[in-house]
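Student: All chains, full assembly: derive it from the sequences and hints.
As given, the protein sequences belong to chains A and B, one line each in that order.
Each residue of the first sequence is one higher than the last, beginning at 1 in the numbering used here.
Each residue of the second sequence is one higher than the last, beginning at 1 in the numbering used here.
Don't read these hints as lab results, they were simulated from the structure.
Incorrect hints may have been included.
[Stated by the list, open to error] Just a few of them, taken from the derived set where beta-carbon distance is under 7 Å, the chain A residues facing chain B:
#	residue
1	Q12
2	L16
3	A28
4	T68
5	I72
6	L79
7	I179
8	H182
9	L186
10	I189
11	F190
[Said to hold, decoys possible] Anything over 10 Å on all C-beta distances counts as not near chain A; from chain B, calculated:
#	residue
12	T5
13	H35
14	S40
15	H65
16	M87
17	G93
18	N97
19	P98
20	I99
21	H100
22	G101
Everything numeric in this text was worked out from a predicted model, so none of it was measured.
Ideal Cβ positions, reconstructed from N, Cα and C, are used throughout, including at glycine.
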Amino acid sequence: MDAIPYTVHPRQDTGLYNAKLGIWLFLASEVMLFGGFFSSYIFLRVGAGDAWPMGSSIQNLGLGVLNTVILIASSMTMLLSWTSLKANNFAGFKKWLGITLLLTVAFLCVKMFEYSLKFGHHLYPSTSTYMAIYFTMTGVHALHILGGLIVNGYMWGPGSKMWKDNPEQFTNRIEIAGIYWHFVDLVWIFLFPVMYLL
Amino acid sequence: MTTTTAAVDIQKEVRGYVLIFVSLLALTGLGVIVHILNPSFLVRIVLILGIATIQATLSACYFMHLISEKKLINWILLITFLNFVGMVIILLGAMSNPIHGTTHVT
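Tutor: What follows is the structure, encoded as structure tokens:
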């Protein structure tokens, strides 16, 4: 009998294994967090009227598009790492999750470069309400990316030892990590147009 | 036979994911095109946020498997959404009914 039950087989009452229910409950709280940020943005912008700058006049569209492509690609490679495990292909999992990690680092590098450009133009969170909400939302999002990088890095490295003893549970862990990662991508799918296109 | 069937199923699944991935990239490009065309602000908001919503729906339904997930998860998300909408309504109510002698400053 497992020390922790329902890590692989679903519970009869929920129809889900525990980690899947857990991650969705966690993401529900994340929806509240980012929902709060986005609604703050809306209220601040509506209240400022014409004084609010167009995002495109301050942001670098090319870097924003690049980061969007990087993140969507990383979502795809994360999925491929999970499907590789389902197909019993551990080498494929290592390859695709490794690429996911590289894309994540690339995203954070681009983000750091963007921030350095802002600071170079003396644009700081204290400069204006727009810059404050920009740095807050993208900063919190970047922290979520960093958290995902740490977890995925663990799964790629020492955490992958579980594949030998319990491949089904490890596959489920990657599925859960993937669901979190897709959510972070989903937040950026809204953050990019709000900050860069509107 | 079972292993081959499972492998074929996974390949079919991957092809679906690739299609969604390409769609997401194409929709990103479409959003940028809308921005470049520079329509009126209202049209821009509707189009760009509409495109983002379609992208988010595709990602949630297929990448996050919501379309084939148990109903319990859909209920969790629905309750979360209603909770969020309720809070926004409360905030809107507060903004339209400030304390006498005060104003909202942004």
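Student: Now look at each hint and say whether the structure bears it out.
Tutor: Results for each hint:
1. Q12: 12 Å, violated
2. L16: 6 Å, holds
3. A28: 4 Å, holds
4. T68: 5 Å, holds
5. I72: 5 Å, holds
6. L79: 5 Å, holds
7. I179: Holds. Min distance 5 Å.
8. H182: Holds, about 4 Å.
9. L186: This hint holds: L186 of chain A lies near chain B, its Cβ roughly 5 Å from the closest one there, short of 7 Å.
10. I189: 5 Å, holds
11. F190: Where the cut-off is 7 Å and the nearest Cβ of chain B is about 5 Å from F190 of chain A, the hint holds.
12. T5: Answer for T5 of chain B: holds, closest chain A Cβ roughly 12 Å.
13. H35: 4 Å, violated
14. S40: 12 Å, holds
15. H65: Non-interface label on H65 of chain B violated, nearest chain A Cβ at 8 Å vs cutoff 10 Å.
16. M87: Non-interface label fails for M87 of chain B: nearest chain A Cβ at 8 Å, not farther than 10 Å.
17. G93: Fine: 13 Å to the nearest Cβ keeps G93 of chain B off the interface.
18. N97: 15 Å, holds
19. P98: The claim holds: P98 of chain B sits with its nearest Cβ about 12 Å from chain A, beyond 10 Å.
20. I99: Its Cβ never comes within 10 Å of chain A, the nearest being 17 Å, so this holds.
21. H100: Consistent with the label, H100 of chain B stays out of reach of chain A, its closest Cβ about 20 Å off (over 10 Å).
22. G101: Holds, since 19 Å exceeds 10 Å.
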